[in-house]
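*Asks:* FYI, in our numbering the residues of the sequence shown are 1 to 224.
Hints may contain errors.
As the list claims (entries may be wrong) - Each pair of labels, with its calculated beta carbon distance range:
| id | residue 1 | residue 2 | range |
| --- | --- | --- | --- |
| 1 | A32 | A130 | 27 to 33 Å |
| 2 | P94 | F129 | 23 to 29 Å |
| 3 | R147 | T197 | 30 to 36 Å |
| 4 | H174 | F129 | 17 to 23 Å |
If you're looking for bench data, these hints aren't it; they were derived computationally from the structure. Note that the structure is predicted; figures quoted are calculated from it, not measured. Backbone N, C-alpha and C fix where the C-beta goes; we use that ideal spot for every residue, glycine too.
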Amino acid sequence: MSPDISGRAISPPRGAARPTSATETALARAGAGYFEWLDHVWPAAGCSHPVLLTGDLVTLNAATGEVLSSASTEGMPDGIIYKACGNRRVTACPSCAETYRRDAYQLVRSGLIGGKTIPASVAGHPAVFATFTAPSFGAVHTRHVRRHSCRDKARRTCRPDPCHARRDAERCPHGQLLACFARHERGDQALGQPLCTCCAVPSGAPCFGVTTATRGSGSLRSRR
Numbered sequence: 001m002s003p004d005i006s007g008r009a010i011s012p013p014r015g016a017a018r019p020t021s022a023t024e025t026a027l028a029r030a031g032a033g034y035f036e037w038l039d040h041v042w043p044a045a046g047c048s049h050p051v052l053l054t055g056d057l058v059t060l061n062a063a064t065g066e067v068l069s070s071a072s073t074e075g076m077p078d079g080i081i082y083k084a085c086g087n088r089r090v091t092a093c094p095s096c097a098e099t100y101r102r103d104a105y106q107l108v109r110s111g112l113i114g115g116k117t118i119p120a121s122v123a124g125h126p127a128v129f130a131t132f133t134a135p136s137f138g139a140v141h142t143r144h145v146r147r148h149s150c151r152d153k154a155r156r157t158c159r160p161d162p163c164h165a166r167r168d169a170e171r172c173p174h175g176q177l178l179a180c181f182a183r184h185e186r187g188d189q190a191l192g193q194p195l196c197t198c199c200a201v202p203s204g205a206p207c208f209g210v211t212t213a214t215r216g217s218g219s220l221r222s223r224r
């Protein structure tokens, strides 16, 4: 029963169907496997650009090499595994960037007052918050407007300059031409990314596939 304007309770007519909520309607249309699918995609929930993985999962006994279990993504919802991209830039993925921000907060907090397996006795220790500059990525994609002549100064609709226009551009040790003639728009995913991905990879990490693709594109540009 629900009250009217005067506050009196009004009983629904006999035989009237119970109102259906939007959630119930959505669940009914989603099908029986909806909750299974939801549990499957939950690790990457909210990620703007999840990594899609396919293949076989095999669990081995480290001592004997015995196969303990195996599964294929073909039998999973959507036939793939969703992995969050883990990007720390809020402009690229707000969800993963927020996860990183919270993790960083908990890490610093635990180091100062304890918690998360860190004893509370650390609160009495001297603390130094030191910042270190990470290795440089080298040249990165940028967006620069040299002269703002647009009427709308708030929206900044002026045409940007070429990213890294170079007549005598050199190549990095991986063969990538260190130049970019694109005029990046605001929100472009390339902004902040290195011109050469391999130069940004730590020494010793695999970068053969990226190098091969880069050299291939360079040879195509030369032929053109």
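*Asks:* For every hint, state whether the structure bears it out.
*Replies:* Hints versus structure:
no., hint, result
1, A32 - A130: 27 to 33 Å, "violated, 55 Å"
2, P94 - F129: 23 to 29 Å, "holds, 26 Å"
3, R147 - T197: 30 to 36 Å, "holds, 32 Å"
4, H174 - F129: 17 to 23 Å, "violated, 36 Å"
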